[in-house]
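Undergrad: Going down the list, the protein sequences come from chains A and B. Counting along the first sequence from 1, when you hit position 48 you're at 48 in this note's numbering, and nothing is skipped either side. Counting along the second sequence from 1, when you hit position 26 you're at 26 in this note's numbering, and nothing is skipped either side.
One or more hints might be untrue.
Said to hold, decoys possible - If we take Cβ atoms under 8 Å as the criterion, some of the chain B residues that face chain A in the derived model are:
1. Leu34
2. Phe89
3. Phe103
As the list claims (entries may be wrong) - What the simulated footprint calls covered on chain A by chain B, stretch by stretch (three residues with Cβ under 8 Å from a Cβ of chain B suffice, anywhere in the stretch; the number is not a length):
4. 28-42
5. 98-108
Source of the hints: derived by calculation from the structure; they are not laboratory data. Just so it is clear, the structure is predicted and the values come from calculations on it, not from any experiment. All C-beta atoms, glycine included, are put in the ideal place defined by N, C-alpha and C.
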Amino acid sequence: DAGVIQSPRHEVTEMGQEVTLRCKPISGHNSLFWYRQTMMRGLELLIYFNNNVPIDDSGMPEDRFSAKMPNASFSTLKIQPSEPRDSAVYFCASNLRAGNQPQHFGDGTRLSIL
Amino acid sequence: DQQVKQNSPSLSVQEGRISILNCDYTNSMFDYFLWYKKYPAEGPTFLISISSIKDKNEDGRFTVFLNKSAKHLSLHIVPSQPGDSAVYFCAALAQGGSEKLVFGKGTKLTVNP
Numbered sequence: 001d002a003g004v005i006q007s008p009r010h011e012v013t014e015m016g017q018e019v020t021l022r023c024k025p026i027s028g029h030n031s032l033f034w035y036r037q038t039m040m041r042g043l044e045l046l047i048y049f050n051n052n053v054p055i056d057d058s059g060m061p062e063d064r065f066s067a068k069m070p071n072a073s074f075s076t077l078k079i080q081p082s083e084p085r086d087s088a089v090y091f092c093a094s095n096l097r098a099g100n101q102p103q104h105f106g107d108g109t110r111l112s113i114l
Numbered sequence: 001d002q003q004v005k006q007n008s009p010s011l012s013v014q015e016g017r018i019s020i021l022n023c024d025y026t027n028s029m030f031d032y033f034l035w036y037k038k039y040p041a042e043g044p045t046f047l048i049s050i051s052s053i054k055d056k057n058e059d060g061r062f063t064v065f066l067n068k069s070a071k072h073l074s075l076h077i078v079p080s081q082p083g084d085s086a087v088y089f090c091a092a093l094a095q096g097g098s099e100k101l102v103f104g105k106g107t108k109l110t111v112n113p
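With the hints as constraints, model all of the structure from the sequences given.
TA: Structure, rendered in structure tokens:
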């Protein structure tokens with residue numbers, strides 16, 4: 001079975017550019033999560049969706065970050081304009097919201113903003 | 001303020017011995033706990049979980065213990081194998097159906113042959 005698929009795996013871009021990260025959740029899962037991992041703060045939840053609707057975006061650092069889920073099989077996380085402090089590994093995860101089903105993670109996008 | 005703490009950044013054990021990874025939490029609203037394992041350049045993978053109504057959950061070589069009064073949980077791996085070498089994350093969910101996983105910063109386990 002295909003797991004959570006993220007693209008690109010690596011992204012290097014210059015400060016000020018727009019960055020779009022993509023995620024395809026596991027088929028049948030109805031919750032999707034975006035995380036950011038940094039050395040300083042560890043793994044932190046940015047936003048999550050349930051049935052394509054954003055439920056909690058309290059972890060989104062600032063207005064430069066936005067996330068969408070236009071359908072059950074696709075989500076994007078956008079940073080515009082990007083800054084060097086946005087450099088991190090961004091993970092997408094999904095699960096079936098039924099009891100305490102574990103979240104399944106993609107392999108992440110390593111983002112470097114120069 | 002970290003709500004889930006893994007105070008040991010790293011741990012090294014010999015193959016065949018027991019590995020014990022520890023995790024402390026501060027939020028008394030947490031009622032479900034998970035351990036994830038992460039290899040380099042991969043995403044975290046779910047390992048084992050425990051509900052606050054239990055004090056122990058076992059799955060093969062992996063056992064998680066929960067001490068609610070101390071707000072402490074631990075993951076035991078017996079026997080440890082070189083393939084267990086990875087970063088282990090403790091995570092917690094608050095009661096009330098929350099889906100917001102709160103992670104510790106991880107412990108890097110090295111199992112030496």
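Undergrad: State for each hint whether it applies.
TA: Evaluated hints:
1. The closest approach between the C-beta of Leu34/B and any C-beta of chain A is roughly 6 Å, which is under the 8 Å cut-off, so the hint is satisfied.
2. At a threshold of 8 Å, the smallest CB-CB gap from Phe89/B to chain A is about 7 Å, leaving the interface hint in force.
3. With a least beta-carbon distance of about 4 Å to chain A, the hint placing Phe103/B at the interface is held under the 8 Å criterion.
4. Counting residues of the region 28-42 of chain A whose CB lies closer than 8 Å to any CB of chain B gives 3, so the stated coverage by that chain holds, three being the minimum.
5. Taking a C-beta to C-beta cut-off of 8 Å, the region 98-108 of chain A contributes 8 residues in contact with chain B, enough for the three needed, and the coverage statement holds.
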